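Sequential numbering from 4 applies to the sequence shown in the numbering used here.
In case anyone wonders, no lab produced these hints; they're calculated from the structure. Just to be clear, a hint being listed does not mean it is correct.
Subject to a maximum C-alpha distance of 25 Å in a straight line, what follows is the list of computed DMTMM-like cross-link-like pairs (lysine to aspartate or glutamate) [stated by the list, open to error]: (1) 51 x 101; (2) 190 x 157; (3) 156 x 217; (4) 39 x 86; (5) 190 x 203; (6) 51 x 15; (7) 201 x 211; (8) 63 x 40; (9) 176 x 194; (10) 179 x 194; (11) 176 x 153; (12) 33 x 75; (13) 179 x 191; (14) 63 x 83; (15) 103 x 40; (16) 96 x 23; (17) 96 x 67; (18) 96 x 15; (19) 207 x 217; (20) 103 x 68; (21) 18 x 153; (22) 33 x 67; (23) 18 x 99; (24) 63 x 23; (25) 51 x 68; (26) 207 x 153; (27) 201 x 217; (28) 156 x 130; (29) 146 x 217; (30) 39 x 9; (31) 39 x 15; (32) 96 x 83; (33) 187 x 202; (34) 33 x 68.
Here the structure is a predicted model, which means the values were calculated and not measured.
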Amino acid sequence: IGIKADLNQFLEAAKEHNADAIGMSGLLVKSTAVMKDNLEEMQRLGIKIPVMLGGAALTKNFVDDYCRPIYDGAIFYCRDAFDGVVSMQRIEKGGELDTKLAADLIEKIDTSDRVEKEEAVIPPYEEISMPKREFIVPPYWNKVAKTGDELDKELIFSWINHRVLFRQRWGYKRGKQTPEAFMKYEKDVVEPLYYSLKDELISKNIFEPIAIYEYYPCIS
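Working from the sequences, and respecting the hints, build out all of it.
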């Protein structure tokens, strides 16, 4: 239940449905303060029903330092829905409840064999020898457009992906043909059609590409 719900609603619903536990979830930081207040009030009322706490604003340290000390009932810190499922399974089994979940196990991982990182020593700025850099100045800064004979049309056609053009743009599909038969069809039929079309576009100046480029100053 979100913290906007009044504690009395928690308790009334728990009593009405004979709930095994109460779950409180908080998205905002202020939610944690409301959780703590609710636990204090439940403790004052003598209620010891198991409580599951979770939400983006909650941390395990807050639960351990501020929630567990003020409430005698079992408290589960649930980082995610999986922790919530494990908590409910333990509550349903009954008996003495083990409230340690994944977060507790992670804390116990022995990291003593990890290699310690050496502390980097950074000398004063005036002692640092800065490398000499050559600043490249372009021949011009204005925008340039190239067309017609200024462009190598054969080079432009060499950049075309034949597989994408033939199969996705022109729509040639393998269908029920075997891969080998389809590749032969592409080589014997589609490719000659492509090169014929390319030659016609270039020779008749039907294809008029344009390239526009410009140099920009930058800091790196």
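Status of the hints after comparison with the structure:
{"no.": "1", "hint": "51 x 101", "verdict": "holds, 15 Å"}
{"no.": "2", "hint": "190 x 157", "verdict": "holds, 20 Å"}
{"no.": "3", "hint": "156 x 217", "verdict": "holds, 21 Å"}
{"no.": "4", "hint": "39 x 86", "verdict": "holds, 20 Å"}
{"no.": "5", "hint": "190 x 203", "verdict": "holds, 19 Å"}
{"no.": "6", "hint": "51 x 15", "verdict": "holds, 15 Å"}
{"no.": "7", "hint": "201 x 211", "verdict": "holds, 12 Å"}
{"no.": "8", "hint": "63 x 40", "verdict": "holds, 17 Å"}
{"no.": "9", "hint": "176 x 194", "verdict": "holds, 14 Å"}
{"no.": "10", "hint": "179 x 194", "verdict": "holds, 20 Å"}
{"no.": "11", "hint": "176 x 153", "verdict": "violated, 37 Å"}
{"no.": "12", "hint": "33 x 75", "verdict": "holds, 23 Å"}
{"no.": "13", "hint": "179 x 191", "verdict": "holds, 18 Å"}
{"no.": "14", "hint": "63 x 83", "verdict": "holds, 12 Å"}
{"no.": "15", "hint": "103 x 40", "verdict": "holds, 23 Å"}
{"no.": "16", "hint": "96 x 23", "verdict": "holds, 11 Å"}
{"no.": "17", "hint": "96 x 67", "verdict": "holds, 24 Å"}
{"no.": "18", "hint": "96 x 15", "verdict": "holds, 24 Å"}
{"no.": "19", "hint": "207 x 217", "verdict": "violated, 30 Å"}
{"no.": "20", "hint": "103 x 68", "verdict": "holds, 15 Å"}
{"no.": "21", "hint": "18 x 153", "verdict": "violated, 85 Å"}
{"no.": "22", "hint": "33 x 67", "verdict": "holds, 17 Å"}
{"no.": "23", "hint": "18 x 99", "verdict": "holds, 22 Å"}
{"no.": "24", "hint": "63 x 23", "verdict": "holds, 22 Å"}
{"no.": "25", "hint": "51 x 68", "verdict": "holds, 19 Å"}
{"no.": "26", "hint": "207 x 153", "verdict": "holds, 16 Å"}
{"no.": "27", "hint": "201 x 217", "verdict": "violated, 29 Å"}
{"no.": "28", "hint": "156 x 130", "verdict": "violated, 54 Å"}
{"no.": "29", "hint": "146 x 217", "verdict": "holds, 5 Å"}
{"no.": "30", "hint": "39 x 9", "verdict": "holds, 13 Å"}
{"no.": "31", "hint": "39 x 15", "verdict": "holds, 19 Å"}
{"no.": "32", "hint": "96 x 83", "verdict": "holds, 21 Å"}
{"no.": "33", "hint": "187 x 202", "verdict": "holds, 22 Å"}
{"no.": "34", "hint": "33 x 68", "verdict": "holds, 16 Å"}
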